[in-house]
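Participant: One letter stands for each residue in the lines below.
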Amino acid sequence: MADLVAHGVAHRDEHGSAGAHSQNLRHHFDNMSQQFEAGNLGMWVFLATEVLFFGGLFASYTVYRALYLPGFEIGSHLLDVRFGAANTAVLIGSSLSMALAIRAAQTGRRNAQVFLLVLTMILGAAFLGIKFSFEWRNDYLEHLIPGVNFLYRPEWGANAPHVQLFFCFYFIMTSLHAIHMIIGIGLLSVLTWMAARGRFSPDYYTPLEVSGLYWHFVDIVWIFLFPLLYLIGGRYGIGGGH
Amino acid sequence: MSSHVVPLKVYIGVFLALLFLTGLTTWVAFIDLGSFNTVVALAIATVKMLLVILFFMHVRSSSGLTRVVVAAGFFWLALLIAFTLSDELTRKWSPIPSSWGPGTSQSQPQ
Numbered sequence: 029m030a031d032l033v034a035h036g037v038a039h040r041d042e043h044g045s046a047g048a049h050s051q052n053l054r055h056h057f058d059n060m061s062q063q064f065e066a067g068n069l070g071m072w073v074f075l076a077t078e079v080l081f082f083g084g085l086f087a088s089y090t091v092y093r094a095l096y097l098p099g100f101e102i103g104s105h106l107l108d109v110r111f112g113a114a115n116t117a118v119l120i121g122s123s124l125s126m127a128l129a130i131r132a133a134q135t136g137r138r139n140a141q142v143f144l145l146v147l148t149m150i151l152g153a154a155f156l157g158i159k160f161s162f163e164w165r166n167d168y169l170e171h172l173i174p175g176v177n178f179l180y181r182p183e184w185g186a187n188a189p190h191v192q193l194f195f196c197f198y199f200i201m202t203s204l205h206a207i208h209m210i211i212g213i214g215l216l217s218v219l220t221w222m223a224a225r226g227r228f229s230p231d232y233y234t235p236l237e238v239s240g241l242y243w244h245f246v247d248i249v250w251i252f253l254f255p256l257l258y259l260i261g262g263r264y265g266i267g268g269g270h
Numbered sequence: 004m005s006s007h008v009v010p011l012k013v014y015i016g017v018f019l020a021l022l023f024l025t026g027l028t029t030w031v032a033f034i035d036l037g038s039f040n041t042v043v044a045l046a047i048a049t050v051k052m053l054l055v056i057l058f059f060m061h062v063r064s065s066s067g068l069t070r071v072v073v074a075a076g077f078f079w080l081a082l083l084i085a086f087t088l089s090d091e092l093t094r095k096w097s098p099i100p101s102s103w104g105p106g107t108s109q110s111q112p113q
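Top to bottom, those sequences are chains A and B. Convert by adding 28 to the 1-based position in the first sequence; the result is the number in our numbering. Convert by adding 3 to the 1-based position in the second sequence; the result is the number in our numbering.
Hints are computed from structural coordinates only; laboratory data are not their basis. Keep in mind that a hint or two might mislead.
SDA-like mimics (lysine to any residue), calculated; alpha carbons at most 20 Å apart, straight line [to be verified]:
| id | chain 1 | residue 1 | chain 2 | residue 2 |
| --- | --- | --- | --- | --- |
| 1 | B | LYS12 | A | GLU101 |
| 2 | A | LYS159 | A | ILE210 |
| 3 | B | LYS12 | A | ILE210 |
| 4 | B | LYS12 | B | ILE56 |
| 5 | B | LYS12 | A | LEU204 |
| 6 | A | LYS159 | A | GLY226 |
| 7 | A | LYS159 | A | ARG227 |
| 8 | B | LYS12 | A | LYS159 |
| 9 | A | LYS159 | A | THR90 |
| 10 | A | LYS159 | A | THR220 |
| 11 | A | LYS159 | A | ILE173 |
| 12 | B | LYS12 | B | PHE23 |
| 13 | A | LYS159 | A | MET222 |
| 14 | A | LYS159 | A | LEU106 |
| 15 | B | LYS12 | A | ALA117 |
Chain A stretches covered by chain B per the calculated footprint, using a threshold of three residues with CB under 8 Å from any CB of chain B [claimed, not checked]:
| id | segment |
| --- | --- |
| 16 | 99-107 |
| 17 | 111-121 |
| 18 | 138-152 |
Values in this document were obtained by computation on a predicted structure and should not be read as measured data. Glycine residues also receive a C-beta, built at the ideal position from the N, C-alpha and C atoms.
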């Protein structure tokens, strides 16, 4: 990843004189198209490992949800579905602005690239702001954080340990997702700087494209986390929220 | 470059479809469909995932090799979940750790 993002300064001079070559073409590739394809493929191989990284959590979540569904439903209904839905919309918006930033590079509009990348970072930060300062804060105040201040409530009865298990999954999965968001925002800040310096063109925008793949992947993880955490077993008969 | 520029209205259309499906999945969750609530929620999430992969991640116009890698990632995930569940659901062998058992008001697994 770092190799893809970092510009190949060492190779610039070798190709700078070759008229037919783009200065961005590394010597071990035949042409720009092959280089783009290789970078793209490498990112997808990494994302396949990410699918399995999150997949282990999703698989164990599925097992324990099947075993302890009543406890998981109680836990899910303690989450505020409005925050979850709003955050889904925010992330989808950030994916749109990321896709449009790449399109701006493809059409050679530098200012639009910078604007859209900054917008993507703002939306990503808004997601984290909603998650940390509203959701997790409420969870803390309601004693729902396992290992920190989790308290069994009498009305849960024998399901209480399973409610706690649900919140273990909730915090581990959303934390892991949030860490990916923070890494994504870090990548985007580097890309914004590169875009502002005019590093990307219709001919060369591989760092944007592969970082976009990562950003959209993190969006997809949330697209599954939202129904699996907030919408378990239906919300009927439950008021929205706490 | 191999990729072509996707028209702006395609991106906007995919964005609006994703927003609509987010609203739909939230709305459906408040209707009692029994165990089908989970099926509907996962089906909608899968459609949203496909929209993101095909359009935002440009797999619709990517090479066959890339598509195979994309499919392989999700195929492995399917194997992971299917074989885990086939084992787990055919026997009840996961007891609750005793330190998490009911009876304590303050649960702190040490």
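Participant: Going back to the hint list, which numbers does this structure go against?
Facilitator: 1, 3, 5, 6, 7, 8, 9, 10, 13, 16 and 18
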